[in-house]
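Construct all of the structure, not just a fragment, from the sequences and the given hints.
Just so you know, the numbering used here puts 316 at position 316 of the sequence shown, and the rest follows in order with no gaps.
Hints may contain errors.
Said to hold, decoys possible - Okay, the calculated beta carbon distance ranges per label pair:
1) R21 <-> E307: 42 to 48 Å
2) K453 <-> A308: 30 to 36 Å
3) D22 <-> R478: 48 to 54 Å
4) R397 <-> V287: 27 to 33 Å
5) P432 <-> R397: 40 to 46 Å
6) Q497 <-> L297: 50 to 56 Å
7) E394 <-> E307: 28 to 34 Å
8) S492 <-> K453: 17 to 23 Å
Simulated from the structure, these hints should not be mistaken for lab results.
Glycine is no exception: its CB is placed at the ideal position from the N, C-alpha and C atoms.
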Amino acid sequence: MEYGITPAGGFRWRSYRDLIRDVFIAGDMYCGPAKLLFPQITGSAGEDQARCGWSSASSVASSPVVSSSYMSSSGSPAWSSASSSPVHKLRVIAQQMVGDGYIQELIRAFGRRRPDELIFQRWFSQLDVDFVLVLHTDGMVRADSFSVEDLMALIKRWIRALLTMVQVLNITLLELPLPVAGSTERMAAAADHAQFTGFAEESILRMLAFVDAVTLSALNVNDDHRHRTPELLPGMLQLYACVSEACDLLVSAGMGKDEITKMQALDAMNNGILMQSRRKLSDAIWVMMEKVRALFLMDACWQVSQEAAASGTHETTELTMNYITLLWRNHTMLDYFSVFVSDADSFSSVARLIAEMITCLECKLEETSLSIPDLGLRFIFLLNNWHRVLQRVESLRDLPAAVRQERILLLHASDSKIKRYIDDYLNASWSPLLRCLLIDKPLVALGRSHESKIETQLQTTYATQKFWKVPNPQLRQRLRRAIMSKVIPDYSKYIEQMDRQNKINRHLVVTSPEQLEQQIEELFEG
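Take a look at the structure:
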């Protein structure tokens, strides 16, 4: 017999599995496109000519993350802080499971008839994670046989199941009878506790087989599947957050319980099983973070053509900032890692990690720009990308104090950097025209070829830059104003002199200052 709930209206019977599936958790956001962090490289690894291919999602400014608003001071998600929270909703379902006698029936049957797998099949099916049993019983089934998208969907189901399972076990344990004076009653109570503890440990061990499989899939990748590491990193963070929450739920359940048998059962589940998994996850996530950082620094991820340089922000810039945003939004949990990471001495704070990543990004942008032949476009490339970095940094909210200080220093230094890039661009792209305008000779001595040379230089500059793109409207206008301030006064003076001396070639169409302003206003739309 299976159990469920009949709604008040009596329209249809619903299984526990249906109710659990209806609970929305933060992990649901992972079920969309997963390729928001990794630049997919075409060509064999190590090729000098390798260039980056990009998923259609790579231009998305945000990344899938565990929102910092769900993090508690202990480094685990504060999902249970309100009656509308996922943990509270799952607790209602857990209470129904216990109230219906569903879980008690499974525990009584455990160990008394074979095979036990039939019991766990019923249990895990109602938790909507029967796929976990395949990973537990068949060591040949590997998580890397699933696509990243499928794994993200399974992670969502697993999180709901574990949070439900832990609360079912908590409630069941609290309802077990305490040992009393009589030897018969004491033996019966001890047997009940032993039966429960065995069932609980076996349930959690089977659940954690999925964590081991996903971790192995994320870490043991070859060059052809290196994208799995960064694509699975958000999901691994979510798994860690869920295991941490489960540990906290068990700790809170044990508070105030003086009965030693119950405390031993809780300790076996928490410190004996879940805490060990938590440590393994933290180690794996730290290794993955190092791998992701190394991937972003690969030269093959920073190749750029003339056309790509003129099109706006480099994809790897956007993806790197996605990664930095992921670090920031999980800073509470990641800073707590030093308690669990085995190689704690090598672990830096999130503030330090973010500062290092931005410094590396700045260096890679400067290095990449050197491959752009057109000097003016080189500085437009740097201007677009660095301005985008600043936009993303400015968008980070509720930063920890150390990161806030780093951001203040960065933004203060970056305004002068933006100004320098603009000045360098003006010198590279407009100095040839200005040199023609400011030549120190009487106009009468220059001849009409000089007039033609200036017009040709002007139209060449305009034609070259017309399709260069500056995506940000404010930056685009700032750049246009800078060009006008540098070029229009000298150009107007030149036209006035030519007009006054009647030197304008009537057979040549000469751009007026007003027309030049209009042309400048048309630049950088892309």
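So, going through the hints one by one against the coordinates:
1. At about 47 Å, the CB distance of R21 to E307 agrees with the hint of 42 to 48 Å.
2. Restraint check, K453 to A308: a C-beta distance of roughly 32 Å satisfies the suggested window 30 to 36 Å.
3. Our hint of 48 to 54 Å for D22 and R478 holds, since their Cβ atoms are close to 50 Å apart.
4. Restraint check, R397 to V287: a C-beta distance of roughly 29 Å satisfies the suggested window 27 to 33 Å.
5. Taking 40 to 46 Å as the suggested C-beta distance range, the pair P432 and R397 conforms, at roughly 45 Å.
6. In this structure, Q497 and L297 meet the distance hint of 50 to 56 Å, their C-beta atoms being roughly 54 Å apart.
7. Between E394 and E307 the beta carbon distance is about 29 Å. The supplied range of 28 to 34 Å therefore holds.
8. Distance hint check: the CB atoms of S492 and K453 are about 18 Å apart, consistent with the given range 17 to 23 Å.
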